[in-house]
Amino acid sequence: MTTEPITSKPRRKVRNFSLLSNRAGAAFMLPAGLLVSVFVIVPFFWVIFVSFTNRTLIGRTALNPEFVGLGNYLALFDPATFFQRGQFGFSLILTTQFVLASALIGQALLGLLLAWLIQTVPPWVKRITETFVIAAWILPEVVIGFAWFAFLDRDQGTLNALLTGFGLPPGDFLLEQPFWVIVVFNTWRGAAFSMMLFNSAFSSIPPSYFQAADVAGASSWQKFRDIGLPLIRGHIVTDLILITMWTFNTFTPFLLTNGGPSYRTELVSIYNYRVAFQDFQFGKGAAVGVIMMLINLAFALVYLSLGRKKAPKS
Amino acid sequence: MKLTLPAYVGRIAFSALAALIGAIFALPLIWFIFAPFNARAELGLAIPDPWTLSNFATVFGNSYAVQALWNSFIQATGGVILVGAAATLAAYALSRSSVPGKGAVTYTLLLFSSVVSGSAAMVPIFLIVSAMGIMDTHIAVILTFAGGLLPTAMFILRDFIDSIPKSYEESAMVAGASPVQAFFDVALPVIRPGIVVVVVWAFVNIWGSFLIPFILLRSSDNMPASVAIYSFYSEAGTPIVTLLAAYALIYSLPVVALYLFVSWKFGFRFFGGIKA
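So the protein lines, in turn, are chains A and B. Numbering that gives the first Met the number 0 numbers the first residue of the first sequence as 0 and each following residue consecutively. Numbering that gives the first Met the number 0 numbers the first residue of the second sequence as 0 and each following residue consecutively.
By construction, these hints were calculated from the structure, which means they are not laboratory data. A portion of the hints provided could be inaccurate.
[Unchecked claim] Here are a few chain B residues that face chain A, going by a calculated C-beta distance under 8 Å:
{"id": "1", "residue": "A17"}
{"id": "2", "residue": "I20"}
{"id": "3", "residue": "F24"}
{"id": "4", "residue": "F31"}
{"id": "5", "residue": "L42"}
{"id": "6", "residue": "Y91"}
{"id": "7", "residue": "A92"}
{"id": "8", "residue": "G100"}
{"id": "9", "residue": "S118"}
{"id": "10", "residue": "A119"}
{"id": "11", "residue": "S162"}
{"id": "12", "residue": "K165"}
{"id": "13", "residue": "A181"}
{"id": "14", "residue": "L210"}
{"id": "15", "residue": "I249"}
{"id": "16", "residue": "S251"}
[Unchecked claim] Which bits of chain A does chain B cover? Going by a derived footprint, with three or more residues having C-beta under 8 Å, they are:
{"id": "17", "stretch": "121 to 130"}
{"id": "18", "stretch": "292 to 305"}
In this text the structure is predicted, and so the values were computed from the model without any measurement. All C-beta atoms, glycine included, are put in the ideal place defined by N, C-alpha and C.
Work out the full structure, taking the sequences as your base and the hints as a guide.
So, in structure tokens, the structure goes:
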């Protein structure tokens, strides 16, 4: 303990003592650097390039794409069709509503409620509740998609069986209310993350704060409003940005609805897939990708600037 | 502390509410407890009569289904080896060397990794894989996932390595070890728990993913289980429920097992924080 600074300090001066030399450090970073460059950084620039061409998946322009300037963007933002079903504007607005309803309201509020509830309930209730909420989150998306398909089935599904049991009218929800189905679906799927983040945030508050409030006779709601909420504000901002980005980019609803019926659940990620891989218009799909990345970039910059200010990571 | 009556009622109400929400979350999954063991399973909830493993026998008798599970395993394992090895080396360098521009590299990676999502970059990823001539191969899926998961994996591991005192390796080097020896013999064993977490996280991510293999693979010989599961549909487009249920359960097992392993070993909150 006492000798260590003495032995290491002169060495650092004499030989520039760093654990890894610059050359070794660079060599260590090379494999990761190559992989990330080719599959993350190059796609970022390539997609911008492709978005200015009329490249297609098959046919003549697959091999010899031509420059079309802003053509793809003008097509996406064509005011004549912008808001029509199955067009970019419709998809963008749908996604905005989806993010607002399922992430910012659904996942965050439900996660907050759950995190607060499991602070006080008996351990066995906490464990059971956590198990199912987390199961919804960790199971593979394909399995979840199929589970919900069975759950919502009009004739036999568990949901309609329950509704009938309670004397309520059954419904074909995937056909009648597809948007609200994917909102509930995504809330259900992702609430676990917010719950866990807020749970660890609440546990980091010194218990003495709450004990003092108990002595003063505060209700649970008062403790939540006046102690819990203000002290986890940083975590809430972090959570909102992360779940917004994930929900904006999610492709999972495709596994439940295929984007239909008649484009009513076609989020931008699904729209991007359809334009590029079903209509084979790579140039237009690339333009959608560029816009998605710009939106991601805006959120990421906000997130990173927050992290730089005071590192809200738990 | 003694509870007053209203506080007691409040506690019961809280427990009831928490249990109710838990039950609602369980509802869509209950079907999976019964259907795989029911030889006449349909989309409705029914208790098997009798309980049977015949659905599983059918799945394991279907060579395509077994092949798909094996493909999932190859792709996830391949990706995990690449992510684990490359992320460990890079994170160690980011933590321990003084390569100029280290901070900028970290910031740029963080930025790019959150901007370039699979659903935004599907077109360029397809084009790059196509240009490399590796379309419809395991290696295409493995490399794509390795590139995509590496930034996050590096951050997790760099934080982990930063928390380990440098004096471990310094003493080894004072004793005459080369930097490379200090890394392999001293640092690596200490970092191992961090690598395990990253590896499990990457495995679960690749194993469960749908979009990337769906786009990059064409032939049924290479399909992982997440895509192959859609072959359990009859020609009319209706699912063959018995097979699907059993297959989905088998396919979910590794994820559940790994999750339980990590929560037993590290506490589940850690795992919770790092799933992308």
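Are there hints from earlier that the structure breaks, and if so, what are their numbers? Hints 8, 11, 15 not satisfied by this model.
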